[in-house]
Amino acid sequence: MAAVGIVVVSHSRPLADAAVELARQMLPNSTLAIEVAAGTDDGGLGTDAVAVSTAITAADTGDGVVVLMDLGSAVMSAETALELLDDDVRARVVLSAAPLVEGLVGAAVVAAGGADRDRVAAEALRGLAPKQAHLG
Amino acid sequence: MGTMDADALGAWVREYARAVTEHRDELTELDSAIGDADHGTNMHRGMTAAVAALDASPPTDGAALLKTVAMTMISKVGGTSGPLYGTLFLRMSGALDDGSPAAFAAAFRAGVEGVVARGKAELQDKTMVDALLPAADALTEAVGAGQELDVALRAAADAAAKGRDSVTPLVARKGRASYLGERSADHVDPGAESAVLLVEAAAATLGRS
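If you read the sequences in order, they're chains A and B. All the letters of the first sequence, read from the start, carry residue numbers 1 to 136 under this note's numbering. All the letters of the second sequence, read from the start, carry residue numbers 1 to 209 under this note's numbering.
Note that these hints are calculated values from the structure, not bench results. Do not take every clue at face value.
Claimed, not checked - Simulated restraints, written as ranges between beta carbons of each label pair:
#1 A:129 x B:162: 46 to 56 Å
#2 B:180 x A:130: 28 to 38 Å
#3 B:147 x A:2: 54 to 64 Å
#4 A:130 x B:137: 46 to 56 Å
#5 B:166 x A:21: 43 to 53 Å
#6 B:166 x A:28: 51 to 61 Å
As the list claims (entries may be wrong) - In silico contact screen, one side only, chain A against chain B (beta carbon under 7 Å); selected entries:
#7 40
#8 46
#9 49
Stated by the list, open to error - Selected chain A positions facing chain B (Cβ under 8 Å, derived; list incomplete):
#10 44
#11 45
#12 47
#13 48
#14 50
#15 72
#16 73
#17 76
#18 77
#19 79
#20 80
Ideal Cβ placement from N, Cα and C applies to all residues, glycine included.
If we strip away everything but chain B, and leave its shape as in the complex, we get (with noise of 0.2 Å):
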């Protein structure tokens, strides 16, 4: 299993920004259900901008891809995702170390946790942490019991998939979606969707690295 060099976690963004596009009318549509109707163009628009500046100066280290991919998405996306999506990658790069499978672990829940931070977001409050802090939990558990990264990684995008689902049928108490109160509910939160696409995207291809 290989470290989480600039080459493996290029490969993750590369594939976060397919998915994404792929998704990008599906997002939109759960969030005109219930916010403001943007997040699918605006992870469309954050990722993109992402890939191409990491094709216009490619970084040489894991740490600076990241921190690469964070200051776009903070500048470019336009809504609250991109402050969060962009404090993941910012806390990630911090805490990246060796690359390691379990320095990865611990680098992907500090930037889980910077989300929670800035956010101000607790479980089932119908968000984005509601897929991300389970899929930290059960890559941290399935790294630190010695399993591969890519049996980790898979138990941490279902554990993401299963947050999601998790909250569908409750009222959205952050974001624009808290506005709607009882008509937010029973709808599929869509931050949480895109941070399963993120976790997924992971497993896609880091797993594999």
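If we strip away everything but chain A, and leave its shape as in the complex, we get (with noise of 0.2 Å):
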């Protein structure tokens, strides 16, 4: 069974810890790793690659990473954070596109079933398809 780790990285460290809260929310009795890099060091709103890279360290225990982003420098960061990587870790991470609140849910409740990194990425991609499909 795999153990892939997620990371949150967002502007505002309210907003990334609410939405690992809703995250877990899905996932009673999982200690599935989910790491935050949210925030300036002074409370403000912004991100820094480098706490970015230090989360997935932390996220990272050999099956993979995949980290989810809000908007903006958190997308420029998580990349700038590949770079402060060992390539080793680096190859294992996937950046994902997906919509923050709803990939977060959907790639936390695949992971803490022990899916492998890609099949938590892509069910992170989907992870509109059900609020789409309501809609209509």
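Assembling the complex is the task here: the two chains are given apart, and the hints tell you how they should meet.
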């Protein structure tokens, strides 16, 4: 069973923490690694590529990491974080274009069930599907 | 003309920090018109932290100094300009070579190409690239033609300002400003403005070393 880690990158620490809380509600008793890199170190809005690379390393158990982001600098900080990682870790990381909240919930559920990295990444990307199906 | 050692590059970085601080409110005002109103604050925070890092542990060579600035910008700026300016300084650090004027011009070009790759912006998208690419071209051309570095950097700073001004009428196609569509036209791009300050700081310091 794979143990894929998840990283949430956001401009806002409260936004990231709340998204993780929402996802964890779906995962009772799970020890799934969900790391957060969000906000500036003075508590403001912003992203920090060094913090993202640290979060990726913390979430990585060897089976890969899927990174969910909000917008703008979160995306570029995640890309920059990849440059700061060792080659072997970087090769295991997927930056997901999924919407943050819906992607995180979808990814967390399958990751907690032991899915491999590509399956977790694919599930994140189809995060909007239930809402789209419902609204037609 | 001296080489681009830690003293020379440190003077550039400190002059840029001073200029960013002087223009902090102006940069934020430009960004409030077409972005998220944090560019001046972010650049001030990043460059102040960069100078503090240089003071705390003075690097002994130019490449190490640029790397310290890069890592500080990447970590402390918070906005998109963190990864972008951080990548510029990081790629320059890796390409500085012997620190001769020709090597500096090549390193600056490598840095600008890093910004282009990171931001995936093209000319006329109305970003910092519209100031940086013409500056890199002018610097490379002038140094290649055997101009002294002060003359070459003056040409680069003028090209940066001209590039910034050329995209002011345009609609932004990248970054937060692109969310605004037509409303972004006829505003100075804040990233292009801070990029002009960077090249002006180089002309004011490196050209005189």
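Holds or violated: the 28 to 38 Å window for the beta-carbon distance between residue 180 of chain B and residue 130 of chain A?
Check passed, 31 Å falls within 28 to 38 Å.
Tell me if the beta carbons of residue 147 of chain B and residue 2 of chain A are separated by a distance inside 54 to 64 Å.
holds (59 Å)
43 to 53 Å as the expected CB spacing between residue 21 of chain A and residue 166 of chain B, which holds or is violated:
holds (48 Å)
Assuming the hint says 51 to 61 Å, is it satisfied by the Cβ distance from residue 166 of chain B to residue 28 of chain A or not?
holds (58 Å)
A closest beta-carbon separation below 8 Å is what the hint needs, so does residue 44 of chain A meet it against chain B?
holds (7 Å)
Given residue 72 of chain A was flagged as interface, is its beta-carbon under 8 Å from a beta-carbon of chain B?
Holds. Min distance 5 Å.
Next item in the hint list is residue 49 of chain A. Is there a CB on chain B closer than 7 Å to its CB?
Holds, because the Cβ-Cβ distance from residue 49 of chain A to chain B comes to roughly 5 Å (cut-off 7 Å).
Closest C-beta approach of residue 46 of chain A to chain B relative to 7 Å, hint status
The hint holds - residue 46 of chain A has a Cβ within 7 Å of chain B, the shortest such distance being about 2 Å.
Quick check on residue 47 of chain A please, does its C-beta sit within 8 Å of some C-beta on chain B?
holds (7 Å)
Hint check, residue 73 of chain A versus chain B [nearest Cβ-Cβ separation less than 8 Å]
holds (4 Å)
Less than 8 Å between beta-carbons is the criterion; does residue 48 of chain A satisfy it with respect to chain B?
Constraint on residue 48 of chain A satisfied, holds at 5 Å.
Is the hinted range of 46 to 56 Å satisfied by the C-beta distance from residue 129 of chain A to residue 162 of chain B?
Holds - the Cβ-Cβ distance for residue 129 of chain A and residue 162 of chain B, about 48 Å, lies within 46 to 56 Å.
In summary, the structure agrees with every hint in the numbered list given earlier.
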